Amino acid sequence: MTPHVSTAARSLFSPSLAARRVRGAIIVVLGLLSVVVALGTLAFLVADVLGRGLPWLSWGFLTSFDSRFAARAGLKAALAGTAYMMVFTILIALPLGVMAAIYLEEYAKDNWLTQFIQINIANLAGVPSIIYGLLGLTFFVRWMELGRSVLAGAMTMALLVLPIIIVATREAIRAVPGSVRDASYALGATRSQTVWHHVLPYAFPGILTGNILAASRAIGETAPLVTLGALTYVPFVPENPLDRFTVLPIQIFNWTSKPQAEFHDLAAAGIIVLLAVLLLLNSVAIYLRQRLRRRY
Amino acid sequence: MNDGQRTAGPLPGRQPFRRNRARDLRERAVAGVLGLAAAIGIFTTLGIVVALGVDAAKFFSQVSVIDFLTDTKWTPLFSIKEYGILPLLTATLLTSAIALGIAVPLGLLAAIYLSEFASRRARDVIKPALEILAGVPTVVYGFFALVVVTPFLRNFVPGLSTFNSLSAGIVMGIMIIPLIASLSEDAMNAVPNALREGAFGLGATRAEVAVQVVVPAALSGIVAAVILALSRAVGETMIVAIAAGMNPTLTLDPRVPVETMTAYIVQVSLGDTPYGSLSYLTIFAVGAALFLLTFSMNVFSHWFVRRYREVYE
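Order-wise, the sequence lines are chains A and B. For the first sequence, this note's numbering gives the first residue as 1, with consecutive numbering after it. For the second sequence, this note's numbering gives the first residue as 1, with consecutive numbering after it.
A few of these clues could be false.
Which residues of chain A face chain B? A partial, calculated answer using Cβ under 10 Å [stated by the list, open to error]:
| hint | residue |
| --- | --- |
| 1 | 24 |
| 2 | 44 |
| 3 | 49 |
| 4 | 58 |
| 5 | 129 |
| 6 | 264 |
Covered by chain B, per the in silico footprint, the following chain A stretches (three or more residues, Cβ under 8 Å) [unchecked claim]:
| hint | region |
| --- | --- |
| 7 | 136-150 |
| 8 | 181-192 |
| 9 | 253-263 |
In case anyone wonders, no lab produced these hints; they're calculated from the structure. Since we're looking at a predicted model, the values are computed, not measured. Just so it is clear, CB atoms sit at the ideal spot from N, CA and C, and this is done for glycine as well.
Could you build all of it, start to finish, from the sequences and the hints given here?
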């Protein structure tokens, strides 16, 4: 013990206090610098995109289809496709995710199966999104013969965001105090009645926030949809769930891949729209969380 | 003895509590449906294994695993076909290494600052701001790497191609800073104050406490964060597909175009490779390799935390 302590002490206390203080200051400066570099890059990115894209933003840009000519190209199909796919994604993922979370929080016993399910969900959150694309390609596009459709895209996205929804919903359910459940049981309610009438209403704000965050993740995802084959020239608005489609990030990818600089500016304009949508969604999530927060 | 017999029957003068069979049945059905929903995660994992496994198996019935792992050329889309994954793998590791080279020092320093030095108010502003970086879609980063960073780097790096692993890696590094920063900060926050106070009591300065006490105590969490970040970088697709190129070259030169595993899957998906052909099957073989790689890193990271976590009373 004694030699161990003395070497540790020697490394901790260098003879000059001034030198030690300088070292401390350097670490603080480096830490701040890292934050500044990260946030500065973000600020630079946004400023650059705004500078390139703003001149291209117009009503016509939002309401025309893609075109070979940059001046005539627009986001109509991508906006419609994103909205359409997101509606289906949430319709599939929300009930599944909330039900899974209710099961894990309110029903599951603490046994190996429950543990396995939990580890599984944690691992799924770490699977690269492009792997989900290959999953969707095999099961939804080929085996279920849905083709490269809105529905196939939405189902793939639903699986991708499911872990996010489950984790957020579980946290929301866990925050509901046990006394609420006890009161419900004391009045003779069954477990499902307790969950439906008491736990879920209390957990609602948290569930809503989690779903909005999941949606904003899905809106920005590109890779799985590229794998499904959504990257095509789509000069129409999808009308039913089996129509082909394109989405905002894919349209941006498409324009970025073109060599002409004017298409890069167009991509920047698309990025402004995409970031604006995400900013809006996240602001709504933060607002709702503040607004609906209950105190027990 | 007598007591046991008495409780077996209903209490005298009271109706016995009757089971409501319909309600019980309904409760069980609800539990069953919910359980099924919870099992969707297992089905998804199985689905991934089957989707990748079936087509990867078809691929490996035509190409030997040894060739796949040792051949140094990857040319499934050319007339002379070779199926060596090494060029894709080195490109993946090269871009990931560059990303970690950026993200580990910056993320760690940011975490030390946030956990040990920042005031509460500063932390409340900086943490959510850093999280924004993680929320920006990767296609936006890809655009940024190709259109902004590469032309900028050309001023300093001679011989930098339009597509290169350097700018893709740097931008990817910026993207994963928040991942490393927030996970490492969580680990540092979990270090009990008694350790800090002990060091202060011995006369250590704040920086010495941070670097020589808190960081070593939180090391298991920090290592786990770095492995998770590596796994994220290996699986990242759009940044490398846009900015690092689609030329499968076996090289460690960060200035030239390469092709990562993910970028190859994108490349094949963009073209019209006939369904069921050998070149179509390649994306599942590459996908299976990618899945195994990231999966083992994630499992290792979780294992590492559990194995080496310092438990404080």
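Okay, the hints, checked on the actual structure:
1. 24: holds (3 Å)
2. 44: This interface hint holds because 8 Å falls under the 10 Å limit.
3. 49: holds (8 Å)
4. 58: violated (20 Å)
5. 129: Cβ of residue 129 of chain A sits 7 Å from chain B, so the hint holds.
6. 264: With Cβ-Cβ at 5 Å, under 10 Å, it holds.
7. 136-150: holds (count 4)
8. 181-192: holds (count 3)
9. 253-263: holds (count 3)
Hint compliance for this structure: hint 4 alone is broken.
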